[in-house]
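Based on the sequences and whatever the hints tell you, model everything.
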Amino acid sequence: MEEEEIHEERENYKIKESRKDVSASPSQMEEQRAADRVQQNIDLFSGGDLHLLDDGDFVHSLIRCFNRKTCPEPQVLSDILEGMLPVIFREKSEMREKILFVLFHASEFFLENHIPSGILCCNFIMQEWLREETEMPSGTEPVIRQFLRTVEELADDSKFEEVLSSIDLLEEISAGRLVKTPALRSIVSHALKVLPGDSFFNKVFRNYPRVKEDKELIEAVVDYFGSACISALLIKMAGTACRDERAALLEILYSYGDALVPALIRCLDGHPSWSVICAVLSIFGKLGDDSNYPQIEPFFRFPDVRVQQEALNAVTHLNEKRRRDRYLLALPLVDESLQLDLLGHFLEREEFDESFYNTLQHIADKRNTFSFSRAVDLLSLIITGLKIYPREETIDLLNEMRRDYLRNIGGEHILMLIDDALSTVSPQVRHKNRAGGGADALDIDAALVNQAIEESLESVKERIRQYSDVGDESGAGEYMYDDVKFGDHFDEHDTPALRPRQPDIWKKLGEILSDEEFNTLCDTSSLENYSKGDILVKSGDIDSCLFLLNSGSVSLNYTFDGRECFLRRVSPGIILGGDQFFDASVWTVTLKALSPVEVQFVDKTAWGKIENECPQIREKLKNYCAKGINISEFITFSGDNRRAASRYVIHTQTRHQFLDPAGKYSQRTNRIVKGELLDLSRSGVAFSLKFACHEKSLKMLSRQLLTGFKMKHGFSADYPGIVVGVRLLDPLRQSSSVHVKFAREIDNGEFMEILHSIQAARIAP
1088 MEEEEIHEER ENYKIKESRK DVSASPSQME EQRAADRVQQ NIDLFSGGDL HLLDDGDFVH
1148 SLIRCFNRKT CPEPQVLSDI LEGMLPVIFR EKSEMREKIL FVLFHASEFF LENHIPSGIL
1208 CCNFIMQEWL REETEMPSGT EPVIRQFLRT VEELADDSKF EEVLSSIDLL EEISAGRLVK
1268 TPALRSIVSH ALKVLPGDSF FNKVFRNYPR VKEDKELIEA VVDYFGSACI SALLIKMAGT
1328 ACRDERAALL EILYSYGDAL VPALIRCLDG HPSWSVICAV LSIFGKLGDD SNYPQIEPFF
1388 RFPDVRVQQE ALNAVTHLNE KRRRDRYLLA LPLVDESLQL DLLGHFLERE EFDESFYNTL
1448 QHIADKRNTF SFSRAVDLLS LIITGLKIYP REETIDLLNE MRRDYLRNIG GEHILMLIDD
1508 ALSTVSPQVR HKNRAGGGAD ALDIDAALVN QAIEESLESV KERIRQYSDV GDESGAGEYM
1568 YDDVKFGDHF DEHDTPALRP RQPDIWKKLG EILSDEEFNT LCDTSSLENY SKGDILVKSG
1628 DIDSCLFLLN SGSVSLNYTF DGRECFLRRV SPGIILGGDQ FFDASVWTVT LKALSPVEVQ
1688 FVDKTAWGKI ENECPQIREK LKNYCAKGIN ISEFITFSGD NRRAASRYVI HTQTRHQFLD
1748 PAGKYSQRTN RIVKGELLDL SRSGVAFSLK FACHEKSLKM LSRQLLTGFK MKHGFSADYP
1808 GIVVGVRLLD PLRQSSSVHV KFAREIDNGE FMEILHSIQA ARIAP
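Last residue of the sequence shown? That's 1852 in this note's numbering, and every number before it is there in order.
Quick caveat, the hints were computed from the structure, so don't treat them as lab data.
What you are looking at is a predicted structure, and each value in this text was computed from that prediction instead of being measured.
Hints may contain errors.
[What the hints assert, rightly or not] Label-pair ranges, simulated between beta-carbon atoms:
(1) N1699 - D1591: 24 to 32 Å
(2) R1490 - R1410: 32 to 40 Å
(3) P1229 - A1346: 33 to 41 Å
(4) I1482 - F1459: 21 to 29 Å
Glycine included, C-beta positions come from ideal geometry on N, C-alpha and C.
Structure follows, in structure tokens:
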């Protein structure tokens, strides 16, 4: 009934067309008649008249139907495809070749125009043809290539049942389960190898795993192709930000077991995009197998910082014992932003050794290549790291850096940090160089004593032999007693105790301290000798040592307006450095030997041992130092002309933000504290702060911070500086005075504006 209706509609259509334009030209009328004949032949063909394929013109007319410009109505195309199916089962290869020719053009038309129904129909016909075909007719290879394209498009359209049936058919032919000629089987086997490319798998995984109903079918495709899917899985994984999707994709990847790592390595060898590299490195990290590290290391140098970051993340999950060495290897290679992170990591963990020092030097040597935006941060961390290594090479490098940045615009902050580092490192190097001198002097004294004792012993032994030879046992016995006595004396001088050379100088100290405390102090201290003109301590140094002046005289000098000014002479019996030792402060004066000088010094390491054995000694020694020379009186003349500018004693609230070694906020330091202004100058400030205990306040020395002042309309701008002194101000309130040196002097006009605004804020109700 339906066929009759269709036939009737076509006849009516022809009658209407014939009545439209009776005045058409002969050529137009001929074209119309030709079109009618083609349509009539197509009707016959779709009805089962296959002999029409013997007519070459008819075959070409079928092909012309699959052309965008001459394409008939969709029903006609459907009729053509319908008529092609029976030809597949014909024995004549010539007829199958013609139908393959038409099938190729039909599939090309549907694929180019993205017509899903046509693609599906072509795929079905091609499957049927491949199932029945046993030989190798002409046009087989192009049609199989088109078949693969239809499979990809079906995967893109989530027609996974058809995709799986197509793959199963190819696999049956390739495995020889269907009877085919060797040539046809070879072509199909090649097609099966070509199909699982990135394009195909990207379409397979396009909606995975969001479309749950396709999940099992997709996993069946993955199971069939095995590790060939890995590259596409990585691309998919790299392109998704959804945690659940990544987890599902990782689950598939991990299912490959031992085949996964070789496939990942092959993927990296193919120079994939940065996102895929990151996905691979992430998997290496999650696997946690240290043998994969050689695959990770080359990406420390990769030009994309995101890849470098993922390589470092992967190292975090590998062998913990080797992690530090690998970070050190990466440090000079990675992007500056990552160098900042790594330097901060090393400084925070305080794992300082020769390899870290060498790496710091290596990075510092490249300072001229630092980008403008990162230079200050990198240099801040490098300088902080160099402070930990008191060596002559460190001083040379810091001085070299100082010369580089002395005239740089905006280099004040770097110069401040360099000067702080030099003030820390230089005294330690000075003590280290002097340490041998004191020990040598003791060794010489001990050697002279030992030599005298040995000469006396030889004389006694000779006398004993003489008395023994004549049989005088009584005389020999007396000399034998002397021998034992000298031997005991010799043993005592084997390990000479360190004592002040002139005990009477320290008589007052001995009266304050107990014998045990006095002896412990002397035994634990170190001896240093200086020649006339030598510097014991330089103004601005951070040297937390006590100096017990045994002999010679020392001058106290301060710097003012670039000139060294004499304060006073110090004689033996004085302990210097109490302010710097019991509080926290840079040296505000220079100690210079006016004659050959001998001092005993106590550093913080030695003090820890002393205080452990003698807990009461701190207050006694602190009081003794306070009665001597109080160097804090000269804090006005702090190093490097800090207080040469006029100071204004003025009170207002202060605001402070302590910074990390890079001069930045961090989670540990991102805390604003409020203080009370004590005095202010263009080059520095003093304010009071409360601390939980005095020991915590001492750790503030050399800390970077930003300081603002409460003014009439809120707080002023923040001024960067560094802590150069902390002194106990009020023991009952647990408050200390904190002294800060600014990175640069405040402009005079700006400074006067601050003063007036502070005054106005105090007067305002």
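_Numbered hints the structure breaks, given as an ascending list_ = No numbers; nothing is violated.
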